[in-house]
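Trainee: Note that the protein sequences, when read in sequence, are chains P and G. Each residue of the first sequence is one higher than the one before, starting from 1 at the first, in the working numbering. Each residue of the second sequence is one higher than the one before, starting from 1 at the first, in the working numbering.
Bear in mind the hints are in silico, worked out from the structure with no lab data behind them. Mixed in with the good hints, there may be bad ones.
Claimed, not checked - In silico lysine-lysine, BS3-like type, Cα no more than 25 Å apart, as pairs:
hint, chain 1, residue 1, chain 2, residue 2
1, G, K50, P, K50
2, G, K87, P, K7
3, P, K28, P, K193
4, G, K87, G, K193
5, G, K193, G, K50
6, P, K138, P, K7
7, G, K138, G, K287
8, G, K7, P, K87
9, G, K193, G, K138
To be verified - Covered stretches of chain G, going by a simulated chain P footprint (3 or more residues, C-beta under 8 Å):
hint, segment
10, 63-69
11, 73-87
12, 106-120
13, 286-294
Predicted model only: the values in this text are computed from it and were never measured. Glycine included, every Cβ here is placed at the ideal spot set by N, Cα and C.
Listed below, chain by chain, are the residues.
Number of protein chains: 2
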Amino acid sequence: MTQPSEKAFVPFVSVDHMMQLIHHVGLKPMLRGIADRIEADFHRWPDFDKTPRVASHSDVGVIELMPTSDGDVYGFKYVNGHPGNTKGGLQTVTAFGLLSDVATGYPVLFSEMTILTALRTAATSAFAARVLAPAGSKVMAMIGNGAQSEFQSLAMQEVVGIEEVRLYDIDPAATEKAARNLAGSGLRVVPCKTAEEAIEGAQIITTCTADKQYATILTDNMVGAGVHLNAIGGDCPGKTELAPAILHRADIFVEYPEQTRIEGEIQQLDPDHKVTELWEVVTGAAKGRTSERQITLFDSVGFAIEDFSALCYVRDAIRGTDYFTPLDMLADPDDPRDLFGMVQRAG
Amino acid sequence: MTQPSEKAFVPFVSVDHMMQLIHHVGLKPMLRGIADRIEADFHRWPDFDKTPRVASHSDVGVIELMPTSDGDVYGFKYVNGHPGNTKGGLQTVTAFGLLSDVATGYPVLFSEMTILTALRTAATSAFAARVLAPAGSKVMAMIGNGAQSEFQSLAMQEVVGIEEVRLYDIDPAATEKAARNLAGSGLRVVPCKTAEEAIEGAQIITTCTADKQYATILTDNMVGAGVHLNAIGGDCPGKTELAPAILHRADIFVEYPEQTRIEGEIQQLDPDHKVTELWEVVTGAAKGRTSERQITLFDSVGFAIEDFSALCYVRDAIRGTDYFTPLDMLADPDDPRDLFGMVQRAG
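For reference, chain P alone in the conformation it holds in the complex:
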């Protein structure tokens, strides 16, 4: 039996490989590399096929498929969101993803994305803050100190240049964990007892909590002028973090309005409330921050193009390394019309 062609084996980046790759590249350089890649892909936004993610909701969570394509490369991510999972010792979010060649439909990369999603979410926040936050922002409040919080902090340090992160979580153990993990990062880490305390002096306020419900993590009187709000946690129908009054005072920037109006903070607003697409700020077609006292809000829900960018980064980064294994995913008979003969001969 002839050996299958190289194309029948798809490079697979396991969880262990991903962690090795991060240590090989360095977490902060990798966050910067992904942020730059995302910004470059936002710059060519009209080139992409875009569709709201395909969600399957249940009482306890959601499973989503997020596809996109730039005409040469197709990518998609599988991701779940189950806030109750942590009680059973499982991840709230797990994910994997794939790139394939549009010309043949053959996959070219299969990768874990639980860790990679954490990196791309942080990289997206940091890229958006680089575009929208007040010039010279040095202090970030991090509200919600779960699995995403350290990645957010380091990406803001690396890409935006913040020097201090102020941590708050309703669970002090989460804050302790984040503070411990960020020791030695070069950031001044300030654990706080209230959200109000965390927000003091911050130019960037990141909210990232996991409850699947309408919550009010920030009330109107907590948010002063001249800040950038980076709202990560409101990312599915019925799940928001900000008081509506804040939204009315802010200039709102989104990834893909068709998706954000369903899933983001702006699900609380009229469907025709003005929002600006972030990619238009990147290309110069729309204005970003125009004054020091302005409140900018990045109402982030996560979009397929960001996963695409992250997967492309990984595809390029593993070249010439051992951080993948070839996976026997694709049947490859000698004669492509003779799939049956291949199966028969394997007997």
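Using the hints provided, position chain G relative to the given structure of chain P.
Mentor: The following block gives chain G in isolation, referenced to the frame of chain P:
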């Protein structure tokens, strides 16, 4: 470092495993098992979340995601269709799929589906023919002798009881290949020089050709009364096989009308042309074949529930076998909120 939990490893059925599984179970029993499973899932059709597949079209082909869920188990398939691939020695269709637990979102099976799709497509055709074909059908015409043709023939033999298959393809080499592969199957195999010759005496006519264009594989005068048409190849916009006049003479049965009206033979008809959903025939809510002289047409485009059924079959069939490997797909920190700590400690 603690070892990750069992749930972090997803059973992966490679191409090689799938072939071993087929030889372990036997191809015909496996086709019957999948056909029975599909019929059982059609019987509980209303239990499933249904959505038309999510397609990304290019000039040369299509890449599709096909998700569904029964509320307990979620499944999806990735599948491409690139008719020009065979010229480069590649498969027209490659696929893989996944099952996961709705309660946690964690994947529980990851499998090759290039081979499995061939089996489920044949099993679906055979199940539909068992429901719709004339009683005592013994002869099938197989128009198009590509990768799907042998699986179709064996499934019809095993599930419907046909004794003779009459092969025709515009490329005689394809017919020779199919005839060679079917020798020893117990079927009388009759290679034919024209489609008309292949159809002589057949109660079941299966069309399965791959061109991505409106083609007329069967013209009106070729199809007499009292046959069952199993039309597989018309399965995406712009790709059909049957002359419209045949459709007007036939009673048409479909999987999921919302998808079939876009992709099936009936894209040639008015959007309100009467069709019957196959699942309703299975439950008895609608009539199938009502007379000997009737022409029944199964306008098959392939639906996510069939892939779900096939994946569930595989999930159960590999239990207690070695036909899978555990894949390190899911990050699993000791503390689920401490993804960062897990990454950090891997250094």
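Trainee: Now look at each hint and say whether the structure bears it out.
Mentor: Against the structure, the hints:
no., hint, result
1, K50(G) with K50(P), "holds (21 Å)"
2, K87(G) with K7(P), "holds (15 Å)"
3, K28(P) with K193(P), "violated (28 Å)"
4, K87(G) with K193(G), "holds (24 Å)"
5, K193(G) with K50(G), "violated (42 Å)"
6, K138(P) with K7(P), "violated (48 Å)"
7, K138(G) with K287(G), "holds (23 Å)"
8, K7(G) with K87(P), "holds (15 Å)"
9, K193(G) with K138(G), "holds (21 Å)"
10, 63-69, "holds (count 4)"
11, 73-87, "holds (count 8)"
12, 106-120, "holds (count 6)"
13, 286-294, "violated (count 0)"
Checked against the numbered hints listed earlier, the structure breaks hints 3, 5, 6 and 13; every other hint is satisfied.
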